[in-house]
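Colleague: Next come the chains, spelled out residue by residue.
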Amino acid sequence: MGEWIVLVLGAAFALLGGLGVILLRHPVHAALMLVQSLFGVAMLFVAQQAHFLAAVQVIVYAGAVVVLFLFVIMLIGVDRAEDIRVEPLKGQRPLALFVAALGLVELIAIVAMQNDFGGVLPKTFEGTNVEQVSAMVFSDYLYAFEITSILLVVAVVGAVVLARRAPRHIDQTVDQQIDGAP
Amino acid sequence: MIDLVWLIPALPLFGFCVLLLVGKRIGEPLSGYFATAMTGGSFLFALGVFADLVSRNGEKRSVTKVLFDWISVGQLDVKASALVDPLSITMVLFVTGIGTLIHLYAVGYMHGDPRFSQFFTYLNLFIFSMLMLVLGDNFVLMFLGWEGVGACSYLLISFWFEKDSAATAGKKAFVTNRVGDFGLMIGMFLLFNATGALTYNGVFAVAGNGGITRNTATAAALMLFVGACGKSAQLPLYVWLPDAMEGPTPVSALIHAATMVTAGVYLMMRVAPVLEVADPVVFTVIAWVGGLTALFAATIAVAQDDIKRILAYSTISQLGYMFLAIGMHANAAAAFHMITHAFFKALMFLGAGSVIHGMHHEQNVKLMGNIRKWMPITFATYLLGWLAIAGIPPFSGFWSKDEILLSAYEGSVGGAKVLWVVGLLTALLTAYYMSRQVFLVFFGKERFLHSTTGGIVPIHGDSHDGNHAPVTPHESPWQMVLPLVVLAGLSLTGGVMNLPFSKSLERLARWLEPSVGSHEFASTGSTKVVLALIAVACGIVGIGLAYRLWLGRPLEANASLEPPLLQRAYGVDSLYSSVIEKPGRKLADLVADVFDGKLIEGVVNGSGSIVKLVGGNVRKLQSGFVRNYALMIAAGTVALLAYALLRAAA
Amino acid sequence: MITSLPHVLAATTGLFASSLGLTQADPNFPLQVDSNAGPTIDLPTIDWTSTAPILTLVVGAFILLVASALLRDRLPKPFMVVGTISTAVLAGLFTIPLWNRITDGTNAPTIAGALNVDGFGVIASLAICSAIVLAALNADEFVRRERIAHPEFFVLMLLSGSGGLIMAAANDFIVLFLGLEILSIALYVLAGSHVRKAESQEAALKYFVLGAFSSAIFLMGIAFTYGATGSTNFTEIRNSVGDFIVFQNDAFNIAAVVLLIVGLGFKVAAVPFHMWTPDVYQGAPTPATGFMAAAAKVAGFAGLIRVLVSALGDRADDWRPVVWVLAVASMAIGSVLAVQQHDVKRMMAYSSISHAGFILVGLEASGHNPLNPAGVSGALFYLVAYTFIVLGSFTVISIVGGRGDANHSVDAYNGLGRRKPALALVFTLFLLAQAGVPATSGFMAKFGVISAAVDARSYALAIIAMLSAVIAASFYLRIVMRMYTAEPVAGVSDGTGSSALRIAPGAWLALALAVIATLLGGIVPQVLLHFTDRGLF
Amino acid sequence: MIAALVPTLLAETSEPQAGFPLLSMLIIVPTVAAVLLSLLPATRRELVRPIAITASSMTCGLSLYLFTQFDKADPGFQFVSKHPWIRNMGISWNLGVDGISLLLVVLTGILFPLALIGPKEDHDQKSYMAWLLLLEAGVMGVFLSLDLFLFFVFFEVVLVPMYFLINGWGHGERKTYSAMKFFLYTMFGSAFLLVATLALVYLHRNATGTMTFDVAELARADFLSVTQSRWLFAAFALAFAIKVPVFPLHTWLPDAHTDAPTAGSVILAGVLLKMGTYGLIRFGLYLFPAASSWFAPTFLTLGVIGIIYGALAAIVQKDLKRLVAYSSVAHLGFIVLGTFALTRQGLTGAVLQSVNHGVSTSALFLLIGWIYERRHTREIAALKGLQKVAPVMAGVFTIVMLSSIGVPGLNGFAGEFIILVGTFISRPVFAIVAASGVILAALYLLWAYQRSFHGEPDEASLGMADLNLRERLVMVPLLVLIVVMGVYPKPFIDRIEPSVAELLSHTSGHHDGGEPPLSSGDGYVAPTGDNKPASSSSHEGDQQ
Amino acid sequence: MHLVAVANPNPKAYLFVAMALFVLGAVGLLSRRNVIVMFMCVELMLNAANLTFVTFARMMGDIRGQAIVFFTMVVAAAEVVVGLGIIVSIYRRRKAVTAEEASLLKG
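Protein chains in written order, with this note's numbering: chain A, 7 to 188; chain B, 719 to 1368; chain C, 1174 to 1710; chain D, 541 to 1084; chain E, 4 to 110.
Keep in mind that the hints are not guaranteed to be accurate.
To be verified - Covered by chain C, according to a simulated footprint, are these stretches of chain A (three or more residues, beta-carbon under 8 Å): (1) 17–24; (2) 144–157.
Stated by the list, open to error - Heads up, simulated BS3-like pairs for lysine-lysine below, C-alpha to C-alpha not over 27 Å straight-line: (3) 924(D) <-> 858(D); (4) 1030(D) <-> 622(D); (5) 96(A) <-> 1304(B); (6) 858(D) <-> 1304(B); (7) 660(D) <-> 1030(D); (8) 96(A) <-> 109(E); (9) 1030(D) <-> 783(B); (10) 928(D) <-> 881(B); (11) 1246(B) <-> 1221(B).
Unchecked claim - Sample of chain D residues lacking proximity to chain B, with all beta carbon distances greater than 12 Å (derived): (12) 576; (13) 591; (14) 602; (15) 616; (16) 657; (17) 660; (18) 661; (19) 665; (20) 711; (21) 747; (22) 760; (23) 762; (24) 915.
These are calculated hints, taken from the structure and not from any lab test. Computed from a predicted model, the values in this text were never measured in an experiment. All C-beta atoms, glycine included, are put in the ideal place defined by N, C-alpha and C.
Chain A on its own, in the form it takes in the complex (with noise of 0.2 Å):
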């Protein structure tokens, strides 16, 4: 019954919070509603056993990367807030619900056809949480491991090459550059 609550509230904090974001007209609203959102998910981990994974969820998640987010919102404008009402694409909205709309039952259906499992556990985990996870990470999933530090690098290369702020003299014409380049 426990599980169910948590259920419950996870999933109206994870739905309602996806809702945020793609209706609320303010980006860092939106942002907010992407914690709210990301912090359900967190609960429904909990709920299946996932407790490292639901503390990382919130720490790195809602914790790191969302701050990210706000931090971009706040650096380009805090006031550009979007008329969601707006949609400048023709077609593109009712196409897009009606893809969706399709998607999503075509998903259910999906997963509505499989064998009911009736809520029970086969298998128990041994040891804690944090220990199953970073054995599993350590032993089959070591080499991902260490090439996530390779994915790492890339995006801290990446962001340097695309957020630094370019020498002054960028701004000059390419030929002029060129001309007076030694």
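Fit chains B, C, D and E to the supplied structure of chain A, relying on the hints for placement.
Modeller: Chains B, C, D and E only, in chain A's frame:
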């Protein structure tokens, strides 16, 4: 001597090659004499071969001489080989004989022409082709000659290609002949298909032992006859011959009177064994086509003003006689008339040429008159030719025409008697229009004299000296006169070849019998005499009529005798033009512009356009808006998920 | 980055040590876990050899990054390019022992089943390394000219390449996904690296948004697969006989497959997941486009083939129709739209979509029962051939593009045959190769996939492929025609202004390599076929 | 599931071949020369022509040597040169020549030097010559290949130089369009050719276990079902029909011809079209005997339509080259007719006529090219009275024209006649209709000749020069061939016929039920009796 | 058995939530114009996938599903870094953050 038969065509071929390569350097008149010598030499060899053949007895008078394999694929085995037999050697003799004379004549006639040597190049090639036509022992070699003479005819008719009319006439001759050739080819194929052979002997051997069904034989015979109609200018393919008169006169004499046009007759005689197997209706067809052509052309001839056109229609008419004879199974009579006709018609053409030459290329008989005063020899020889064609005894034409009429009278084909009457009528008309021509040209007033200058102002063609000052008619040089005299002699005496008085005097018929078969006349002597008298009477009536009308009264009074319908030759040319040429052109336009240009090209280019069109529309999806792209991805995903559901359900 | 650096450095040290044969890799190095504190972590043995090429690229990238950061102005001009090329070549050399394993028949999944360096992986790796070499040669002059962040461009290329190598060798969905992300994220940045060009940034944005979207779908696909098979490991998935499987209704399994196809189909630019391609190709700096076209295509297909054939080969009947449709749509749409283009880079983008269709033909051919190795072999050959052709083409395009990387209208090629006959001839070769004219590797590539399709009796697909090649030929020829017969347009192709062409030695070298590869692939294809025939099986 | 591939040997140990690799040289010499030319520095332009002419003359000499060394008694492939190329696919460098290809090879050898020398020097000789030589290598390869893969490669390779020749050196505003059309049209056909080739090879492998592209081996085994062989034949035939071109796939030809440079037209008409007819015989008939007899009525009909249609369209053409192009459609109709008559005569005639048409039409295109060089127009209406100012040209034109019309004694007749005989034996109705095309041929050619050569020359024609020495010398070999092949075709027929007979005896072994069997060995059927339906009934003979 | 079923929800329920979240994210991506919000929507989708992993992990009693989520989070973080970097870079030039403003390239 027979072994040397290949030298007969080889000499003109050699002449052709030499003239082709160095003719221009040899120049005038040497190239002309050279060509004449080649043809003459070939005539001499022919005489030798003839003598050899005569010295053999009947069975051995057919000799095949193989030179090399020509076209040989599987059963199709065509050799370059000559069949020396009475028919072929007879043809060879008169082709080379008359050919030599006309070569000589041409040396004079073509004097001063800038393409003098070229003319003789063509003439020699023509002689070679004609010899291949008659000497070949198989249909294909005959076809080689057949097409070769056609090509030479084309080249020679359009010899003066600067004139559009000459160029057109040459083309017309070739194309019309091709229609006939089509028939000839089909005929050949039918025979080959039925017999597996293309040699005469091979085909006839199968035909002789019943190897060809009647239907095949009939079809083959009719198709071959189509070919003959084309070459020999019979209805309905005769239209090219009158136009062919655009060629130099020696060409008209040689090709379009004496030799080439008789090829059709030769062909029908040659394939006699096949005709025998065929349904008799074939003979009826041949006889009627021949008879009708004879009459038809004769009626046109009465209203023509061009001296050569009159002769041209006359030629068509006379060729009609020959086919009439073949239709009546009288091959020897046809051959007889073919030879005598070659004599007198060549004579008349050459005479006409002489007149034209003397008149500085004036051809309208209405603008002539009293030429006998200026060109006595030409006049004298022309007279002989006239009497011969008019059927006045004892000139050669009388004998041969009489035999044809006799065969028609006795003939067994449907409507033979009618054809006999047609023949008589034609004889009358022939006498009439030839007399008209003679009277207009040689008698009466000198209508050509220009009132102020006292001479002729050349109206067209080249005057030899390029000087347009008035000139007067003159007799031709000896090179032209000599052949006239020789041919006049032959026209006078040609009948000797085949006199009907006794079997032994029917030399030609007996000579040709191994090749073309025999034909016994049933009529008794008295019937023959009566018939001959009727024919002669027709001739005399014709001459008399012409005398009354054309010498006895002013020309203007005779306008009604030349109705426009006849002058326009019944309008057949324009009929053909509107029935065949114009729709043909329309069809060609339709094919090229509409069908090819629009339909097929439309499909081809259309497929390109469709690609562009589709591309243009699909391209609009690529709107540049990232959310549209995402939508596309989403839609694709949803579609694939639907596939997943459907496939799982299935 | 901070957390990961020690691992990498440790790994790097180990790599060098092992590759020099100095020390034996310690299986438990470096993370020994106290057995009292929970379950024992059974650290897998690190098979350094199998990961050596990947590590080489990464380490090379780090060295270059650090060196350039520390010694920025003191480094000789060609340092970056030489370093990049050496790294890539070294990485390529490290595949030799891997190939020896394959010939010995001793290759097997290693590092806890994370990697499986089979023939397919080796060849795809080599193709990506080649792509790095050629793209670097081309980029050297370009980045200097266009003032693009110089060291980072090369570093990102190397890192992106390492992602591609990971995908090529992956034997686990997570490894594959991470490889994909490494590759993609680096490519997003490369696409946007021309920071002064709005087009470049727009390209990066579009690529990123759509890439992230498709990654999410791909991840969901992995989740479904995990749910369906109970594993993310290809070997286990292949061997799963049902005892793991949670969901047994086929709809779920097929849904997993199609979601994976969407994610990877996006990467290889298959219709209808192709929409980013033209915009990104056009907007990205040309050398980056060339690299993207080659490396992303190879890596994407490596992933696709790994997933569909290695892991989900048993489900071939489910995915084959999907691949069929994608192949046909890609070939048709790619060809038809390319005809419409006026921008050469855009045209090449559509052409690359069409090529993706062709490679999918090979994949479709392999998806018959029993699995047809010829299809994979054909696709692999195609990928290798395409790598050289497309990089050669983009090298020419970046030369013609001139200053500002702007001169990409087809008009720019007018009269190139007279201005730069050698360049025009080389480009002609590449275009003809793309059109599939014999004596070029492009022909053998098409031949390979068509042959496989026919072998699998996919006649209709084979014919559609060949017909779309006909349409495609028309736009390749259009460029060729412009080079040789059209009149130059003032300022665009008359040799003045930005159309004045300078060809750097590096670009010549790149062209020469691409030409040699293209011709050899067409004339002595058996050399490459010998390798590709050992693709996956 | 994971099938281990049998490891294949990479080592290319070529089997030792005795003697001089004559056939390979025919391909290698022009290729090497082409490469040499393209590498030639721009400063040595004066070497371009000598190199090109030497190379093509060498090839010509080799091909003539081949002709003399060819054993006419041997119907099989001679001078076979076989080296494995891509072993695991059974692909090899497999060249050989038999009676069917011999003459085409020789024709190629002869025409190329003439096409190189014939036209006046154009700009940028270097790449022009290089492309031409490459083209020669490709064409040689097509005629010599006994390996389907190799054949396809050469078949495709040929497109490229031709495309460049038309596009780069062609005349006319639409040359780009024409070149593109040529390329795409042919490629369209190749699409089906490649797929069918592969299908054939794989079906063969599935049946016999050996993967091979060797034509002889594929033909030997009898492994195709009726349906399979029909489909495959249809695909092969489509590719070749486009190349021939067979109506209604011909519309690329007039465009390509009109806009190609003279040498291009010469080669296009002379040998490129023959790749189609050759393909139909070598691959269509040889590989799919039963299917080809099943399809024969279709092709006969198309051939006959082509004959009439091409001729009709030619009549109203205003451009001399277009006219000759449409005449080619008609002439190739004859070749198709002969091929699908499936008789010894028909096939022999088809091969012979391929050569004949090559000779005559090349000569025509050269002549038209020279007219164009002098007058810068090919509009019939713009030309007049050329015969008077250029009698030698007119004479040569006349001979060539008569040959094209099919006047006996010249080459055109021999081929046409044999074809018609061969067709009449098996399909009289088609032969009859086809023969009527002979009439039209005379019409359009003579009419065009009359309009451009006859009459008084107009202003523009007056100054026109006659053929110069070079041009005359170029014409000599063609004229000699025209006459020799017309007067004494035996040496040629003798070399063709055994191979044709062999082919037919091969095909007669295969036919599916319900079809009229092919005439075996010899087309002629009834030596003793007239068991053929008479002509009246033979008209219905083919309607069934 | 029945009671247990009532006591604990069927794990499929989590899946339904995940699916809904996934589609929600997709809808947002398709219909929001602000690029930053679009990124947030991608995060929603990734979270949906994570939830799916965790759910399956639990259903199978297999910890790997959870380990995977760990990596996914790293990926998400990396993506966000670069994505925001791109936005910043664009914003520097054009002061624009709606997706429609980036439409120079099309056709």
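Colleague: Compare the structure with each hint and give your call.
Modeller: Structure-based check of each hint:
| no. | hint | in the structure |
| --- | --- | --- |
| 1 | 17–24 | violated (count 0) |
| 2 | 144–157 | holds (count 14) |
| 3 | 924(D) <-> 858(D) | 13 Å, holds |
| 4 | 1030(D) <-> 622(D) | 31 Å, violated |
| 5 | 96(A) <-> 1304(B) | 55 Å, violated |
| 6 | 858(D) <-> 1304(B) | 15 Å, holds |
| 7 | 660(D) <-> 1030(D) | 35 Å, violated |
| 8 | 96(A) <-> 109(E) | 16 Å, holds |
| 9 | 1030(D) <-> 783(B) | 18 Å, holds |
| 10 | 928(D) <-> 881(B) | 12 Å, holds |
| 11 | 1246(B) <-> 1221(B) | 14 Å, holds |
| 12 | 576 | 38 Å, holds |
| 13 | 591 | 34 Å, holds |
| 14 | 602 | 28 Å, holds |
| 15 | 616 | 19 Å, holds |
| 16 | 657 | 23 Å, holds |
| 17 | 660 | 26 Å, holds |
| 18 | 661 | 30 Å, holds |
| 19 | 665 | 33 Å, holds |
| 20 | 711 | 20 Å, holds |
| 21 | 747 | 33 Å, holds |
| 22 | 760 | 24 Å, holds |
| 23 | 762 | 26 Å, holds |
| 24 | 915 | 18 Å, holds |
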